[in-house]
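Listed below are the residues making up each chain.
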Amino acid sequence: MRIHCPHCGPRGHDEFVHHGDAAPRRPQADAPDAAFHDYVYLRDNPAGPYRELWFHAAGCHSWLVVERDTRTHEIRSVTFARGDA
Amino acid sequence: MRYSAFRLFTEALRGNRGWQPAWRDAAPRRAYDAVIVGGGGHGLATAYYLAKVHGLRDIAVLEKGWIGGGNIGRNTTIIRSNYLLPGNTPFYEWSLKLWEGLEQDINYNAMVSQRGVLNLHHNDAQRDANVRRGNAMRLQGVDAELLDAQDVRRMLPFLDFDNARFPIRGGLLQPRGGTVRHDAVAWGYARAADRLGVDIIQNCEVTGFRIQGGAVTGVETTRGPIAARKVGLACAGNSSRVAALAGLKLPIESHVLQAFVTEGLKPLIPGVITFGAGHFYISQSDKGGLVFGGDIDGYNSYAQRGNLATVEDVCEGGMALMPMIGRARLLRSWGGIMDMSMDGSPIIDHTPVEGLYLNAGWCYGGFKATPGSGWCFAHLMARDEHHPVATAYRLDRFAAGRVIDEKGQGPHPNRH
Ligand SMILES: Cc1cc2nc3c(=O)[nH]c(=O)nc-3n(C[C@H](O)[C@H](O)[C@H](O)COP(=O)(O)OP(=O)(O)OC[C@H]3O[C@@H](n4cnc5c(N)ncnc54)[C@H](O)[C@@H]3O)c2cc1C
Ligand SMILES: [Zn+2]
Numbered sequence: 000m001r002i003h004c005p006h007c008g009p010r011g012h013d014e015f016v017h018h019g020d021a022a023p024r025r026p027q028a029d030a031p032d033a034a035f036h037d038y039v040y041l042r043d044n045p046a047g048p049y050r051e052l053w054f055h056a057a058g059c060h061s062w063l064v065v066e067r068d069t070r071t072h073e074i075r076s077v078t079f080a081r082g083d084a
Numbered sequence: 000m001r002y003s004a005f006r007l008f009t010e011a012l013r014g015n016r017g018w019q020p021a022w023r024d025a026a027p028r029r030a031y032d033a034v035i036v037g038g039g040g041h042g043l044a045t046a047y048y049l050a051k052v053h054g055l056r057d058i059a060v061l062e063k064g065w066i067g068g069g070n071i072g073r074n075t076t077i078i079r080s081n082y083l084l085p086g087n088t089p090f091y092e093w094s095l096k097l098w099e100g101l102e103q104d105i106n107y108n109a110m111v112s113q114r115g116v117l118n119l120h121h122n123d124a125q126r127d128a129n130v131r132r133g134n135a136m137r138l139q140g141v142d143a144e145l146l147d148a149q150d151v152r153r154m155l156p157f158l159d160f161d162n163a164r165f166p167i168r169g170g171l172l173q174p175r176g177g178t179v180r181h182d183a184v185a186w187g188y189a190r191a192a193d194r195l196g197v198d199i200i201q202n203c204e205v206t207g208f209r210i211q212g213g214a215v216t217g218v219e220t221t222r223g224p225i226a227a228r229k230v231g232l233a234c235a236g237n238s239s240r241v242a243a244l245a246g247l248k249l250p251i252e253s254h255v256l257q258a259f260v261t262e263g264l265k266p267l268i269p270g271v272i273t274f275g276a277g278h279f280y281i282s283q284s285d286k287g288g289l290v291f292g293g294d295i296d297g298y299n300s301y302a303q304r305g306n307l308a309t310v311e312d313v314c315e316g317g318m319a320l321m322p323m324i325g326r327a328r329l330l331r332s333w334g335g336i337m338d339m340s341m342d343g344s345p346i347i348d349h350t351p352v353e354g355l356y357l358n359a360g361w362c363y364g365g366f367k368a369t370p371g372s373g374w375c376f377a378h379l380m381a382r383d384e385h386h387p388v389a390t391a392y393r394l395d396r397f398a399a400g401r402v403i404d405e406k407g408q409g410p411h412p413n414r415h
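Note that the protein sequences, when read in sequence, are chains A and B.
Under numbering that gives the first Met the number 0, the first residue of the first sequence carries the number 0, and numbering increases by one thereafter.
Under numbering that gives the first Met the number 0, the first residue of the second sequence carries the number 0, and numbering increases by one thereafter.
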């Protein structure tokens, strides 16, 4: 599996650290506990297209959003996470 | 048909023409008292104990593929109960006790072999951690022995003891740990459950649930609807997808773990060895192949295959532990998809849907749990109460702050 880092170009995935689902958004500080429980612990875990965070640890140190199919590992797009939220 | 040495002998004389299929290839009926979704080790064991211990007779196991095609036939066959935390140890120890009597109980040779599991340590901090773990185990009645480098050298003279970076200083041994022929566990439970009247239905995928007034009334399948007031999910690796059909979102991600087998060699490795400086573990099958593995790949996957970076990482671990492994040829490798839970521990619990029960989140250590999981899940489904050794495996423990995080990694499934 190769990830095309928009900054560094195509690199083996072992240069990157996987940080899970890109979808969860941190609730407001005064949100109910249940909202934090959802945010920290519950995941859709889809079989199919999935937007996830990767950190280019052995490269440019960018946080990336990778759209990848979890059934085939095919990568559809890679963008900088900054500005994604 | 009971299996015995006598039977083997008489069949040999008759050209082995008298053997019958080990279980019926059942067709689905319209309704059952209890339905188990997933014909892996856990689902089959659950059905067996529901029938045997709790006297239920009208049970079906629904499997979307074939028996033994999931993780029960893909794991590296290690059993042990060397856990640290109170929520885990009694459960895994009970499971190990069930392994010790399993073959007599189900009349099937599962090749349970208590050849010992040794976790090596390479520095003072790891030694301290092993001492702590060993003490915790012994306090809870589990066998554990601390070995120093000399003890390990006598047992396993071929290890790279004086490796400049990862010298071997000793290890924690659980003598009662070992290996079990994984396929035989699936077949043995399937046969034993079948003999108690359980219908094992293959090529039958559950595609939806019938829920009325918050209670489950049955399942939709690729072979038609089936009514049941009790439905148990044991869909390792696919738990999130199946639970989503009932509107549930789980604290689980699906990840791929790879395993590797070399060509057959003469007896070399007596037990199970785990390397403490990287993630690598190895044993030798009775056929002679070295069976080994390491970390999960680390990204969500349903692909049942992994990537080369992990192969390289695992093999580096092997070379650091026992350099002679570099001369063995690798014959096969494969991947399996597992439920990685948010704290690395499993779930055996009710769900918010009445009559729908959940058995999930076994991570890469659910094979050893097979008998215990089936036993406790059957208890929950039959009596609607948690078995005493599985009270910690609650679905609400994340909200309640009672996580069971053996490794202390926090809510990151790929780090457990
Ligand atoms: C490479 C590898 C090595 C491992 N090594 C070890 C080890 O050494 N020791 C250890 O303790 N554990 C190990 N494990 C973990 C262990 O294999 C699993 O935790 C355990 O087998 C999971 O339980 P199971 O046997 O019921 O799973 P499975 O055999 O996967 O059973 C689940 C079944 O559910 C079925 N299913 C899914 N969705 C549906 C549906 N909608 N309808 C009907 N059926 C469905 C699947 O087809 C599957 O057969 C390893 C796992 C892997 C992948
Ligand atoms: Zn980069």
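I should point out that these hints are in silico values taken from the structure, not numbers from a laboratory.
Heads up, the beta-carbon is just placed ideally off N, CA and C, and yes, glycines get one too.
Just to be clear, a hint being listed does not mean it is correct.
Using C-beta positions, here's what the derived DEER-type ranges look like [as the list claims (entries may be wrong)]:
| hint | chain 1 | residue 1 | chain 2 | residue 2 | range |
| --- | --- | --- | --- | --- | --- |
| 1 | B | Thr221 | A | Arg75 | 26 to 32 Å |
| 2 | A | Val39 | B | Asn202 | 35 to 41 Å |
| 3 | A | Arg70 | B | Val130 | 42 to 48 Å |
| 4 | B | Arg56 | A | Asp29 | 18 to 24 Å |
Hints and how they fare:
no., hint, verdict
1, B:Thr221 <-> A:Arg75: 26 to 32 Å, "29 Å, holds"
2, A:Val39 <-> B:Asn202: 35 to 41 Å, "38 Å, holds"
3, A:Arg70 <-> B:Val130: 42 to 48 Å, "44 Å, holds"
4, B:Arg56 <-> A:Asp29: 18 to 24 Å, "54 Å, violated"
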